[in-house]
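Novice: As a plain string of letters, each chain reads:
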Amino acid sequence: MKIGVFVCHCGTNIAQTVDVEEVAKAAAKLPKVKFAATYKYMCSSPGQALIVEAIKEKALDRIVVSACSPNLHEKTFRKCLEDAGINAYLVEMANIREHCSWVHRDKLEATRKAIELVRLAVAKVSRSRPLEKTYVPIEKKVLIIGGGISGIQSAIDIAFAKYPVVIVEREPSIGGRMAGFDKTFPTLDCAACILTPKMVTVSQNKYVTIHTYSEVMEVTGHVGDFTVKIRKKARAVDLNKCTGCGACFAKCPVKVDSEFDMGLGKRTAIYVPFPQAVPNVPVIDREHCLWFQKKACGACKKVCPFGAIEYDMQDEIIEEKFGAIIVATGFTQFDHSVYGEYGYGRYKDVITGLHFERMVNSSGPTGGKIARPSDGKSAKDVVFIHCIGSRDEQKGVPYCSRVCCMYTAKHALLLKEHDKDAQAYVFYIDIRAAGKNYEEFVKKVQDEYGAIYLRGRVSRIFEKAGKLIVRGADTLSGAQIEIKADLVVLATGLVAQDDAATLAQMLHIPYDQNRLFTELHPKLAPVETITNGIFLTGACQSPKDIPDAVATASAASVKALGLLIQDRLEKEPLIAKVDTDLCSGCKACVTACPFNAIEMKEVEVKKLKRKKSVAEVVKGVCTGCGNCTAVCRMSAIDLEGFTNRQIIEEIEAL
Amino acid sequence: MKYAYYPGCSLHSTAKEYDLSTKEVASALGIELVQIPDWICCGATPAHITMHLLSIALPVKNLLQAKKMDSCEVVTCCAACFSRLKIANEFMKRDPEHREKVEKIVGEPYRGEVKVRHFLDVLANVFGLKNLKEKIVKEIKGLKAACYYGCLLTRPKDVTGFDDLEEPHLMDDLMKTIGVEPVKWPYKTECCGASFSLTKTDIVLKLSCDILQMAEDEGAEAIVVACPLCQSNLDLRQGMINKKYNKNFNMPIFYFTQLVALSLGIEPEKLGLGKHIVSPMALLKKKGVVV
Numbered sequence: 001m002k003i004g005v006f007v008c009h010c011g012t013n014i015a016q017t018v019d020v021e022e023v024a025k026a027a028a029k030l031p032k033v034k035f036a037a038t039y040k041y042m043c044s045s046p047g048q049a050l051i052v053e054a055i056k057e058k059a060l061d062r063i064v065v066s067a068c069s070p071n072l073h074e075k076t077f078r079k080c081l082e083d084a085g086i087n088a089y090l091v092e093m094a095n096i097r098e099h100c101s102w103v104h105r106d107k108l109e110a111t112r113k114a115i116e117l118v119r120l121a122v123a124k125v126s127r128s129r130p131l132e133k134t135y136v137p138i139e140k141k142v143l144i145i146g147g148g149i150s151g152i153q154s155a156i157d158i159a160f161a162k163y164p165v166v167i168v169e170r171e172p173s174i175g176g177r178m179a180g181f182d183k184t185f186p187t188l189d190c191a192a193c194i195l196t197p198k199m200v201t202v203s204q205n206k207y208v209t210i211h212t213y214s215e216v217m218e219v220t221g222h223v224g225d226f227t228v229k230i231r232k233k234a235r236a237v238d239l240n241k242c243t244g245c246g247a248c249f250a251k252c253p254v255k256v257d258s259e260f261d262m263g264l265g266k267r268t269a270i271y272v273p274f275p276q277a278v279p280n281v282p283v284i285d286r287e288h289c290l291w292f293q294k295k296a297c298g299a300c301k302k303v304c305p306f307g308a309i310e311y312d313m314q315d316e317i318i319e320e321k322f323g324a325i326i327v328a329t330g331f332t333q334f335d336h337s338v339y340g341e342y343g344y345g346r347y348k349d350v351i352t353g354l355h356f357e358r359m360v361n362s363s364g365p366t367g368g369k370i371a372r373p374s375d376g377k378s379a380k381d382v383v384f385i386h387c388i389g390s391r392d393e394q395k396g397v398p399y400c401s402r403v404c405c406m407y408t409a410k411h412a413l414l415l416k417e418h419d420k421d422a423q424a425y426v427f428y429i430d431i432r433a434a435g436k437n438y439e440e441f442v443k444k445v446q447d448e449y450g451a452i453y454l455r456g457r458v459s460r461i462f463e464k465a466g467k468l469i470v471r472g473a474d475t476l477s478g479a480q481i482e483i484k485a486d487l488v489v490l491a492t493g494l495v496a497q498d499d500a501a502t503l504a505q506m507l508h509i510p511y512d513q514n515r516l517f518t519e520l521h522p523k524l525a526p527v528e529t530i531t532n533g534i535f536l537t538g539a540c541q542s543p544k545d546i547p548d549a550v551a552t553a554s555a556a557s558v559k560a561l562g563l564l565i566q567d568r569l570e571k572e573p574l575i576a577k578v579d580t581d582l583c584s585g586c587k588a589c590v591t592a593c594p595f596n597a598i599e600m601k602e603v604e605v606k607k608l609k610r611k612k613s614v615a616e617v618v619k620g621v622c623t624g625c626g627n628c629t630a631v632c633r634m635s636a637i638d639l640e641g642f643t644n645r646q647i648i649e650e651i652e653a654l
Numbered sequence: 001m002k003y004a005y006y007p008g009c010s011l012h013s014t015a016k017e018y019d020l021s022t023k024e025v026a027s028a029l030g031i032e033l034v035q036i037p038d039w040i041c042c043g044a045t046p047a048h049i050t051m052h053l054l055s056i057a058l059p060v061k062n063l064l065q066a067k068k069m070d071s072c073e074v075v076t077c078c079a080a081c082f083s084r085l086k087i088a089n090e091f092m093k094r095d096p097e098h099r100e101k102v103e104k105i106v107g108e109p110y111r112g113e114v115k116v117r118h119f120l121d122v123l124a125n126v127f128g129l130k131n132l133k134e135k136i137v138k139e140i141k142g143l144k145a146a147c148y149y150g151c152l153l154t155r156p157k158d159v160t161g162f163d164d165l166e167e168p169h170l171m172d173d174l175m176k177t178i179g180v181e182p183v184k185w186p187y188k189t190e191c192c193g194a195s196f197s198l199t200k201t202d203i204v205l206k207l208s209c210d211i212l213q214m215a216e217d218e219g220a221e222a223i224v225v226a227c228p229l230c231q232s233n234l235d236l237r238q239g240m241i242n243k244k245y246n247k248n249f250n251m252p253i254f255y256f257t258q259l260v261a262l263s264l265g266i267e268p269e270k271l272g273l274g275k276h277i278v279s280p281m282a283l284l285k286k287k288g289v290v291v
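Taken in sequence, the protein lines are chains Z and D. Each residue of the first sequence is one higher than the last, beginning at 1 in our numbering. Each residue of the second sequence is one higher than the last, beginning at 1 in our numbering.
No lab work stands behind these hints, which were simulated from the structure alone. Beta carbons: idealized from backbone N, C-alpha and C, even for Gly. Be aware that a few hints might be false.
Example chain Z residues on the side facing chain D (calculated, C-beta under 10 Å, incomplete) [stated by the list, open to error]:
no.: 1; residue: Tyr339
no.: 2; residue: Gly340
no.: 3; residue: Glu341
no.: 4; residue: Tyr342
no.: 5; residue: Gly343
no.: 6; residue: Tyr344
no.: 7; residue: Arg346
no.: 8; residue: Arg460
no.: 9; residue: Ile461
no.: 10; residue: Phe462
no.: 11; residue: Glu463
no.: 12; residue: Lys464
no.: 13; residue: Ala465
no.: 14; residue: Ile469
Computed cross-link-like contacts, PhoX-like style, restricted to lysine-lysine with a CA-CA straight-line distance of at most 20 Å [stated by the list, open to error]:
no.: 15; chain 1: D; residue 1: Lys270; chain 2: D; residue 2: Lys285
no.: 16; chain 1: Z; residue 1: Lys348; chain 2: Z; residue 2: Lys380
no.: 17; chain 1: Z; residue 1: Lys348; chain 2: Z; residue 2: Lys467
no.: 18; chain 1: Z; residue 1: Lys251; chain 2: Z; residue 2: Lys301
no.: 19; chain 1: D; residue 1: Lys184; chain 2: Z; residue 2: Lys464
no.: 20; chain 1: D; residue 1: Lys157; chain 2: Z; residue 2: Lys395
no.: 21; chain 1: D; residue 1: Lys244; chain 2: D; residue 2: Lys200
no.: 22; chain 1: Z; residue 1: Lys348; chain 2: D; residue 2: Lys184
no.: 23; chain 1: Z; residue 1: Lys206; chain 2: Z; residue 2: Lys141
no.: 24; chain 1: Z; residue 1: Lys467; chain 2: Z; residue 2: Lys484
no.: 25; chain 1: D; residue 1: Lys184; chain 2: Z; residue 2: Lys484
no.: 26; chain 1: Z; residue 1: Lys58; chain 2: Z; residue 2: Lys34
no.: 27; chain 1: Z; residue 1: Lys464; chain 2: D; residue 2: Lys144
no.: 28; chain 1: Z; residue 1: Lys348; chain 2: Z; residue 2: Lys369
no.: 29; chain 1: D; residue 1: Lys287; chain 2: D; residue 2: Lys144
no.: 30; chain 1: Z; residue 1: Lys251; chain 2: Z; residue 2: Lys294
no.: 31; chain 1: D; residue 1: Lys184; chain 2: Z; residue 2: Lys467
no.: 32; chain 1: Z; residue 1: Lys464; chain 2: Z; residue 2: Lys380
Full structure from sequences and hints, please.
Specialist: Structure (structure tokens):
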């Protein structure tokens, strides 16, 4: 065995604190080490060339690179070994930067520690075995959970590359939150005008399948081979027979608050949420339908000319396989009823930004009239309050919801456009308008639309003589402000969906203290998750405006396509391996495995002439976490790359 | 039901009628109030604007006195006393640094173990409104009153914690029980100016005027309070307010205990009603509560 040790200076990162020459000198004296060298940047091309040449010239068969964390450059050096013609897994890294030079000051001591770390790595590599990569097939289909603007964009991108994609949307129509918006900032494009073409595109694309009124129930498997159970809730209307003529809801006698119109308008019990819904097929709300409640009415079934109404339709559960999953489940609105000082959500004329979107929409419940929900009178003095729930550690969430400053500015503008006599007052903490043309937009709202911006919080809202008295502070002038308002619009923040944690657990992806899904790396892998093959887009990861949601949607699609385009999926060989002779079949490993990667199988024991039950690692699923090796009482499971032999050798070298 | 009673300075002076009516209500309901022997200042304004440590050490001294009694809980009527005693308990429970200093001053260990209640809390939550209803002999009918809680009774929430922070309702519930009609009004927890009464009277006049105006606007014939400072600002200063702001208020300011006592059939003479600056007698006669 001929081991080569390569010590990196990492510029001054290591060399300043660790005497790298001393380390190389000491390494050269270790048993089996035939060559030791230092170089300024081992990861640079000349550094790598140095390793390749040394392997060839000195016939080295094991390598230790004494440099940074293996997280950063292990792959680089494995490639070096491959280039030099030896097995890529015969390299060990001794981390003398993060674990040594960066955390110590005393050069003598640090050098001593670096030598120790190298000694351990040499001991470990001496027990390394050549390993081969494994390959698994890929199901060439993508699942998108959520049919809002993020999900729609992802689907369009994937379908464009001619790969099949399935959207699962919980609501009766795709479109998500954006479908309910009036205009979009800062360009004031009509939201429906730019969204609905995308909705139509996606619904007409032959590579896209859309399951609306459906939910993901269960996800098993792993990258390249996910098995997903989807519950298609019974809409009681046949998707194929229905033409969307609307005869049914024209006759339905039930009137309930419309969710799409935020309770400002009514809908029937059989309904499409909005006119441009995709699919344009109604659904029956069983909780309010007279047929389902009392076996009465039945008007919709009578009037449907196509026989599309099926009262006894049942939920259907389908199972499909996918290679990758894009999570696009979006956000929900912060519930402002925790603010007692703003009336605990009880004042009818204290509404949220989403209510305002519907109200200001000319095809909305008020026909575009800015009207007080309490009495329908037109609202002249409108107070907008920023940061409801956002940036409030006591009652809400600590983070900034990013879009509220902008949508409030938009609302103030639209208010003036709808009624030139109306006046907007905006209470803000800071104005965060960091986007292309955003600051200009806010400025325009202030200068040209006369919105009065007041820097401060509102301490109290109460009703008096038909008005809402809004009390607050203007911290710039130091004055107390009292405004007699007709309407108050709260800029409620964006928070995770109520069931976000459940979905994250189902998908084995992490989420943070705010139940927002966690990306693999906040800067360098913003749409990936630690679970291979599962990607994030839109506000389920953090609050996002439409451009950001669309950008992350395309990013996630590219990541998914990058997987799908492979013939087969390369898997690292650093996984667990069972010695069936030693395995007692106790199943401790099965319980310990967080990925369901261990199954039991029967094997023939020739010596005893009987069968026994032993553990078997499912190759494609094992992530090499090592839990099973730690719980195995028989030492029957070994983790490749971290075998018992390697670890013991390392310990003995200490 | 037995409590260590902490009256505080106001109830022995400007709010004598609060003290009288509280004791009357308690005895009529069989709630035994045993005054804490040798009680001292609660640590309110004069102390806490002087020295933070003093404002904790004083109430702790009182609480230690109460601890030595056989009744386990302290009850108080003054919102400021209530606040000081509760806040001192919080510090002694949670802040080891303060605890150490205060224990040195008072010479005894204390960890905030003596429970403190406001008398409103005792009536509404411990004795219970249902039980109270059974004891009522004479409902006070047709009186529209604004229940005014003031700033200290419900705040800070983590310390007081017996009623809703922004929209308290226990006094309203209590008033409804005895027949009074509480009006819906938004100023339940506004500031009356409190102890600025002497040093910056103008502030008190403005703030208390706003409160009186709001009560009147919302149809109240009287205001019901649970704090001697609120009572004194709204009652004692009413004349000055009328003069300064050209108003014509004639709004009696009751302690909730006075009205409860009347509903329990206690003679009006025992309740210190004559001590009010704005006499409530005409209103009470009009409503047939007194003859």
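Novice: Look at each hint and say if it fits the structure.
Specialist: Hint check results:
1. Hint status for Tyr339 of chain Z: holds, given a least beta-carbon distance of 8 Å to chain D, under 10 Å.
2. The beta carbon of Gly340 of chain Z comes within 3 Å of a beta carbon in chain D, closer than 10 Å, and the hint placing it at the interface holds.
3. Annotation: Glu341 of chain Z was flagged as interfacial toward chain D, and the flag holds, the nearest CB pair being 5 Å apart, inside 10 Å.
4. Of the supplied interface hints, the one on Tyr342 of chain Z holds, with its beta-carbon coming within about 9 Å of a beta-carbon of chain D, less than 10 Å.
5. Satisfaction of the interface hint for Gly343 of chain Z is found here, the shortest Cβ-Cβ separation to chain D being roughly 8 Å, below the 10 Å cut-off.
6. At a threshold of 10 Å, the smallest CB-CB gap from Tyr344 of chain Z to chain D is about 7 Å, leaving the interface hint in force.
7. About 9 Å separates the beta-carbon of Arg346 of chain Z from the nearest beta-carbon of chain D, less than 10 Å, and the hint is met.
8. Below 10 Å, beta-carbon pairs count as interface contacts, and Arg460 of chain Z has one with chain D at about 8 Å; its hint therefore holds.
9. Restraint check, Ile461 of chain Z versus chain D: the minimum CB separation of about 9 Å is within 10 Å; hint holds.
10. At its closest, the beta carbon of Phe462 of chain Z sits 3 Å from a beta carbon of chain D; the interface hint therefore holds under the 10 Å criterion.
11. With a least beta-carbon distance of about 7 Å to chain D, the hint placing Glu463 of chain Z at the interface is held under the 10 Å criterion.
12. Taking 10 Å as the C-beta cut-off, the interface hint given for Lys464 of chain Z holds, the closest approach to chain D being about 7 Å.
13. The criterion of a C-beta within 10 Å of any C-beta in chain D is met by Ala465 of chain Z, whose closest approach is roughly 8 Å, and the hint holds.
14. Given hint, Ile469 of chain Z at the interface with chain D, holds; its Cβ is 7 Å from that chain's nearest Cβ, closer than 10 Å.
15. The hinted pair formed by Lys270 of chain D and Lys285 of chain D meets the criterion: a straight-line CA distance of about 16 Å does not exceed 20 Å.
16. Annotation: proposed proximity of Lys348 of chain Z to Lys380 of chain Z holds, straight-line Cα distance about 16 Å (limit 20 Å).
17. This hinted pair checks out: Lys348 of chain Z and Lys467 of chain Z have alpha carbons roughly 11 Å apart, not beyond 20 Å.
18. Among the hinted pairs, Lys251 of chain Z with Lys301 of chain Z is consistent with the structure: their alpha-carbon atoms are about 10 Å apart, no more than 20 Å.
19. Of the pairs offered as hints, the one joining Lys184 of chain D and Lys464 of chain Z holds, with about 10 Å between alpha carbons and a cut-off of 20 Å not exceeded.
20. Taking the CA atoms of Lys157 of chain D and Lys395 of chain Z, the gap is about 13 Å. The hint holds against a cut of 20 Å.
21. For a cut-off of 20 Å, the pair hint linking Lys244 of chain D to Lys200 of chain D stands: about 15 Å separates their Cα positions.
22. Between the alpha carbons of Lys348 of chain Z and Lys184 of chain D the distance comes to roughly 16 Å, so the proposed pair stays at or under 20 Å and holds.
23. A hinted pair counts as satisfied when its Cα atoms are at most 20 Å apart, and Lys206 of chain Z with Lys141 of chain Z qualifies at roughly 13 Å.
24. Annotation: proposed proximity of Lys467 of chain Z to Lys484 of chain Z holds, straight-line Cα distance about 6 Å (limit 20 Å).
25. Under the criterion of a C-alpha separation no larger than 20 Å, the hint pairing Lys184 of chain D with Lys484 of chain Z is consistent with the structure, at around 19 Å.
26. Only pairs whose Cα atoms come within 20 Å are accepted, and Lys58 of chain Z paired with Lys34 of chain Z is accepted, the gap being roughly 8 Å.
27. Simply put, Lys464 of chain Z and Lys144 of chain D have alpha-carbon atoms about 18 Å apart, close enough for the 20 Å limit, and the pair holds.
28. Note on Lys348 of chain Z and Lys369 of chain Z: the hinted pairing holds, with a Cα-Cα distance of about 16 Å set against a maximum of 20 Å.
29. Restraint check: the Cα-Cα separation between Lys287 of chain D and Lys144 of chain D comes to about 10 Å, which is no more than 20 Å; the hinted pair holds.
30. For a cut-off of 20 Å, the pair hint linking Lys251 of chain Z to Lys294 of chain Z stands: about 17 Å separates their Cα positions.
31. Distance hint between Lys184 of chain D and Lys467 of chain Z is fulfilled; the C-alpha atoms sit about 15 Å from each other, no more than 20 Å.
32. Under the criterion of a C-alpha separation no larger than 20 Å, the hint pairing Lys464 of chain Z with Lys380 of chain Z is consistent with the structure, at around 16 Å.
When the structure is compared with the earlier hints, no violation turns up for any of them.
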